[in-house]
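Participant: One-letter residues, chain by chain:
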Amino acid sequence: MTRQLILERAVKEIKDGMCVNLGIGMPTLIANMIPNDFNVMLQSENGLLGIGPYPQKDEVDPDLINAGKETVTAKAGASFFDSAESFAMIRGGHIDLAILGGMEVSENGDLANWMIPGKMVKGMGGAMDLVQGAKRIVVIMDHVNKHGESKVKKSCTLPLTGEKVVHCLITELAVFQFTDAGMELIELQNGVTLDEVKSKTEADFTISPSIEIKA
Amino acid sequence: MSKLLTSFDSAIQQIEDGATIIVGGFGLSGIPEKLIIALRNKGVKDLTIVSNNCGVDDWGLGLLLENKQIKKMIASYVGENKLFEQQFLSGELEVELVPQGTLAERLRAGGAGIPAFYTATGVGTEVAKGKEHKEFDGRTYIMEKGIVGDFAFVKAWKADHFGNLVYRKTARNFNPVVATAGKVTLVEVEELVGTGELDPDEIHTSGVYVQKVLVGNDYEKRIERLTTANA
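Keeping their order, the protein sequence lines are chains A and B.
The opening residue of the first sequence carries number -13 in my numbering; numbering runs sequentially from there.
The opening residue of the second sequence carries number 355 in my numbering; numbering runs sequentially from there.
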């Protein structure tokens, strides 16, 4: 339910003609929601630009997977390349947008999404490269953790993936943007009050004038 | 002179304890499965393995973990493997985690004779600790070093006798940069063709990087996450 709310808002970040990297897990689900009339190329950092739908059973090819190691297909106009070139695309600023999951986001746009101290370290994969390289970084995550504590922090407590890298944060409660002026609340999700967002957000943020009027 | 060898065991004969081996593949896709099995059978120990991932418990590089042959692993993501976790927590296994793009570029640089380069990836994180920081045009970067291995294990789709290689779809992944970064590069392929049969315009890796070519049969090509439409 909350997941659907987040995904429906996140897909609006994708514009016709973009090259987009969707992170592993929840962001991958956005692929199915992109409007059919959009010409969007999805990048998989293991070496594919132009991810197609999941294969039919008789189309499954172990030589064709996405970064989450799922079997996929390649759409018309797709290209294959090696890992160094894949990250040249990312690091060189040729990917318009990356939508990534998050564990914590801080008010200055720091992102933590790869490691919890004391638990087994799995590795950062391509996340640190993506946050530094893609032109725009959108993070999607639940607003609070399972204990009800805010994941939107004054400063991250978990090890960082990148410093001041987040441009936009989408949760089930609200949408924030990050600029040199700081963190700004720009939208409330349907039925959510400003008071609820304030009470569930540890970070300091300003409020867009458009929201002040509605509230 | 053909670079073709017929025995995987003889191909890896010169690998000794303590060697650094760079291994192609992403997850279980495009991994040199026959060379890994041969290395497991040889049993050499204290290896440093450089590869994006470390296989799963009973396949790919996981076979070397099972046999306790790896001393140090340099990788970007190792989360698919319980043996890895056990050996890491017990202190048997040393791990260097490298961001995936930095790992690819370190191999590319190593193979291209570039000792180090600067990247913004990892700035402000644990990855940057102890590394040289430098500012270019107002942005901070860290220095990362190229990687060269004693041996490189590569999986390609086709090769000719000179070692020119063609990969298939996303099984290409790290293999082309791995091929350049080994002092001795061993390649296994599904199909060997006559020299001159590959269109020079379509060759992904020039045979200049390749020392030996082996042909494998009955590739298992295990799938980590079988995902189909309507599933």
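Rather than coming from a laboratory, the hints here were simulated on the basis of the structure.
Treat the hints with care, as some may be off.
[To be verified] Listed next, the in silico DMTMM-like pairs over lysine to aspartate or glutamate satisfying Cα-Cα at most 20 Å (straight line):
1. A:Lys108 - B:Glu434
2. A:Lys108 - B:Glu420
3. B:Lys523 - B:Asp491
Participant: State for each hint whether it applies.
Facilitator: Against the structure, the hints:
1. A:Lys108 - B:Glu434: Within the cut-off at roughly 8 Å; holds.
2. A:Lys108 - B:Glu420: Satisfied, since the Cα-Cα distance of roughly 18 Å is no more than 20 Å.
3. B:Lys523 - B:Asp491: The hint is violated at about 37 Å.
Hint violations for this structure: number 3 only, all remaining hints satisfied.
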